[in-house]
Amino acid sequence: MDLLDNLALGFSQALQWHNIMFCLLGVVLGTAVGVLPGIGPTATIALLLPITFGFDDPTSALIMLAGIYYGAQYGGSTTAILLNLPGESSAAVTAIDGHEMARSGRAGVALAVAALGSFVAGTVATVVLAVAAPPLAQAALSFGAAEYFSLVVLGLIGSIALASGSMLKALAMIVLGILLGTLGQDLYTGTPRFTFGVRELYQGLSFVALAVGVFGIAEILRNLHDPRTRTRMVSRVANLWPTRAELRRIVAPVIRATGLGSLLGVLPGGGHVLASYASYAVEKRVSRNPREFGHGAIEGVAGPESANNAAAQTSFIPLLTLGLPAHPVMALMVGAFIIQGITPGPDVMIEQPALVWGLIASMWVGNVLLVLLNLPLIGLWVRMLTVPYSVLFPIIVVFACIGTYSLGQNPYDVLAVAFFGLLGFVLIRAGCEPAPLLLGFVLGPLLEENLRRALLISRGDPSVFFTRPISGVLLGLALVALVVTVLPTIRRKRDVVFAEEE
Amino acid sequence: MTPAGPRKVAAYIGALAGLGLILAACSSGGGADPAEYPEDNIEVIVPFSAGGPTDTVTRMVAEPMSQDLGVQMVVQNVDGAGGTVGAGQAAAAEPDGYTVLMHHIGMSTAPALYPDLAYDPVADFKTVGLVTEVPMTIIARSDFEPETFEDFVTYVQENADTVTMAHAGEGSASNLCGLLLTEALGVEVTAVPYDGTGPAMTELVGGQVDFMCDQTTNTTGQITAGKVKAYAVTTPERIEALPDLPTTAEAGQPDIQVTVWHGLYVPAETPDEIVATLTESLQVALADQTVIDQMADLGTAPVSEEQATPEAHTELLEEQIGTWGEIISASQGG
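Taken in sequence, the protein lines are chains A and B.
Each residue of the first sequence is one higher than the last, beginning at 1 in the UniProt record's numbering.
Each residue of the second sequence is one higher than the last, beginning at 1 in the UniProt record's numbering.
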């Protein structure tokens, strides 16, 4: 059978001990940059790419770079859970319930669940890559601007589930996020928007500055404002390991999230961004106790973390099967291919089977290494929370500022951290949650870009959104999601009215 | 594929640590005497991200230049705002020869695209020499009707109100080539911008847009695999990587000539002796067989020795600033 031959070839490459070393080096570096707020995988890979130019085996180079990428996805959850400091968009979802778990003394459980979920998802995604990469990639190509627009609409409506409180406030936060996302130079005309003549704002607001501000810094302000919350966190660093009952609770979410993440990851136009948000929304919807979400629901950590890791791996599919990079990290991988004398294109899989299959197999090896690496570290991470808060919080602030600054050497980003920290604190006091704001910020530009592109291509005819089948189905689903979200609220209001009449 | 032994792994890790030291060392600046140049590592600013075509070209050339000069040419990627951030940084650097800039055609289009540009591409720099001229190809989705470039021209002219043209964003090479192409054909088509070449190519392969003009660096793989239809190459001669592809001139459109030319620059006050040293070293690098081979893989070639001079470089730069200034302001006015 072809598949077994291919996998055998892949593992014969990935299990050569120097490749295991490069894989380990990659995932260790990846975990490290994932843990440090601010320094994301894109920056790290860009920094380390030149070093791989000296490697004489391109497989080793790609194995290491890929390891950095998915290792960082893994590590990103650590600070999100412990310190409410998400380093990138997917970790922002993990922070919602993960940090709540940490606040009630279950940081170890949250970290373990994130690691286990990621491992399962990574393993399944490796198999998906090996079995179904070419047909999935072909299917993903039928996603045009209209389809992406409808997908984002569905995502935004689904994301109202991110909030555990008022739906109206969640909507307001999404809209605010979308508005913040419009800052910077317009892709279509180059016109600067809301930049006030400040050149540093031409590239828009930095996601990291926004996330670190509204999550991390706002969290610190909240803790300083209300000392009770933090003493609770320190006093109860109890169980490190999930109980049997907790493990049973995450089985179904992990499986669902892996499927969802694998599918979204293949879409080259930014599907991977949606994976963790989508998983969170789905889990909250199907959960028997949705009220727990936002207050430390274990499914709210397991699902998004699994979806995120699955998507990180399947986002390699367009690159490996079609030679098309799905996002900036993949574009850097294309650079690595070119420097190694390999022309990235649809023929890579046929011309360089050892390289492609070696890379695929190495992802599974990398996932094993990540679990071995991360599980023993949990005890250490959790102990970090026992550091007195008066020592811990200045360190967090300094790290957050250095990390954000190092990303683009842009002092405005540090100012933005401070500004959004204050804004985040005000929002928390007002009962508004930051997660929908971040989602709006991430998806807003995608929404606008694809809306305008679809209308450009259709020459201003909006019917494409309904007549193109995939787009039409997605918009239909969005409508269903909207009705399902709004109906209970209406019914509750009606019940209230009836109750008053009686 | 040669398996690397344990020693090699150690060497790589050593190289990793070494690079950190090099980066730390080169920031300390160099000596002042032009006769002794170079005594210290030279920083090469690439105003685009690592792994992109310009970065790749720079690293290919930096290797033999380092050997020739006896010091390391350390590539620094200073990304942002269409290359103007990195170029601005280079313009403001010490004019001691320890900061050089590698830039492409964007050097000549920036004045028209960015009215509040912080530097003058001619007055604030000295040219060292041209490096390579990367050819561009006119390609379309695989089921696009026209079969030849002549068909394509007629088809686009007759259906200008329905065809769509992808490009990688304002000021990108594909945007420039698209402007030149539509101007030469006397048509206005719907231009669909993408955020980079990757997404643009993805949608073209997926058949969401009709055609695009982009560098061989990005298109060769897709063309040889038959995932896109190729009509013509925009250079005077056919290229080695795609020998069956006719030139635009062969197909009756000699005006559509565009390449993504790359050149080396230093800040304007840099002494002439230092520029001469760099030019000589560049010429040595461009004659290097490894460089020639690596560039051939990308579908391009080093420029001739006469082109790798400050004179030829300045001439082209000034000519291109004029050409693109007109085309860009015409497109913005219309």
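Just so you know, the hints here were simulated from the structure itself, not pulled from any lab data.
Ideal Cβ positions, reconstructed from N, Cα and C, are used throughout, including at glycine.
Watch out, some of these pointers could steer you wrong.
[As the list claims (entries may be wrong)] Partial chain A-side listing against chain B, Cβ under 7 Å, derived:
{"no.": "1", "residue": "46"}
{"no.": "2", "residue": "49"}
{"no.": "3", "residue": "188"}
{"no.": "4", "residue": "268"}
{"no.": "5", "residue": "323"}
{"no.": "6", "residue": "341"}
{"no.": "7", "residue": "347"}
{"no.": "8", "residue": "419"}
{"no.": "9", "residue": "456"}
[What the hints assert, rightly or not] From the structure, some residues in chain B lie toward chain A, with a derived Cβ separation under 7 Å:
{"no.": "10", "residue": "49"}
{"no.": "11", "residue": "89"}
{"no.": "12", "residue": "164"}
{"no.": "13", "residue": "188"}
{"no.": "14", "residue": "189"}
{"no.": "15", "residue": "193"}
{"no.": "16", "residue": "198"}
{"no.": "17", "residue": "201"}
{"no.": "18", "residue": "202"}
{"no.": "19", "residue": "206"}
{"no.": "20", "residue": "222"}
{"no.": "21", "residue": "301"}
{"no.": "22", "residue": "304"}
{"no.": "23", "residue": "306"}
{"no.": "24", "residue": "309"}
[Claimed, not checked] With beta-carbon atoms standing in for the labels, derived distance ranges:
{"no.": "25", "chain 1": "A", "residue 1": "184", "chain 2": "B", "residue 2": "143", "range": "34 to 42 Å"}
{"no.": "26", "chain 1": "A", "residue 1": "418", "chain 2": "B", "residue 2": "306", "range": "52 to 60 Å"}
{"no.": "27", "chain 1": "A", "residue 1": "184", "chain 2": "B", "residue 2": "161", "range": "29 to 37 Å"}
{"no.": "28", "chain 1": "B", "residue 1": "226", "chain 2": "A", "residue 2": "431", "range": "56 to 64 Å"}
Here is how each hint holds up against the structure:
1. 46: Because about 4 Å separates residue 46/A from the closest Cβ in chain B, which is inside the 7 Å limit, the hint holds.
2. 49: holds (5 Å)
3. 188: holds (5 Å)
4. 268: The hint holds - residue 268/A has a Cβ within 7 Å of chain B, the shortest such distance being about 5 Å.
5. 323: holds (5 Å)
6. 341: holds (6 Å)
7. 347: holds (5 Å)
8. 419: Violated: closest Cβ of chain B sits about 22 Å from residue 419/A, beyond 7 Å.
9. 456: holds (5 Å)
10. 49: Where the cut-off is 7 Å and the nearest Cβ of chain A is about 6 Å from residue 49/B, the hint holds.
11. 89: violated (10 Å)
12. 164: holds (5 Å)
13. 188: Interface hint status for residue 188/B: violated (13 Å vs cutoff 7 Å).
14. 189: Violated - the Cβ of residue 189/B stays beyond 7 Å from chain A, reaching only about 11 Å at its closest.
15. 193: holds (5 Å)
16. 198: Since chain A brings a Cβ to about 4 Å from residue 198/B, closer than 7 Å, the hint holds.
17. 201: Since the shortest Cβ distance to chain A is 6 Å, the answer is holds.
18. 202: Because about 4 Å separates residue 202/B from the closest Cβ in chain A, which is inside the 7 Å limit, the hint holds.
19. 206: holds (4 Å)
20. 222: holds (6 Å)
21. 301: violated (16 Å)
22. 304: Hint on residue 304/B: violated, closest Cβ of chain A at ~24 Å, above 7 Å.
23. 306: Check failed: Cβ of residue 306/B comes no nearer than 28 Å to chain A, outside 7 Å.
24. 309: Cβ of residue 309/B sits 28 Å from chain A, so the hint is violated.
25. 184/A to 143/B: 34 to 42 Å: With Cβ atoms ~36 Å apart, the hint holds.
26. 418/A to 306/B: 52 to 60 Å: holds (55 Å)
27. 184/A to 161/B: 29 to 37 Å: For residue 161/B against residue 184/A, whose Cβ atoms are near 32 Å apart, the range 29 to 37 Å holds.
28. 226/B to 431/A: 56 to 64 Å: Holds, at about 58 Å.
Going down the numbered hints, you'll see the structure goes against 8, 11, 13, 14, 21, 22, 23, 24, while the others check out.
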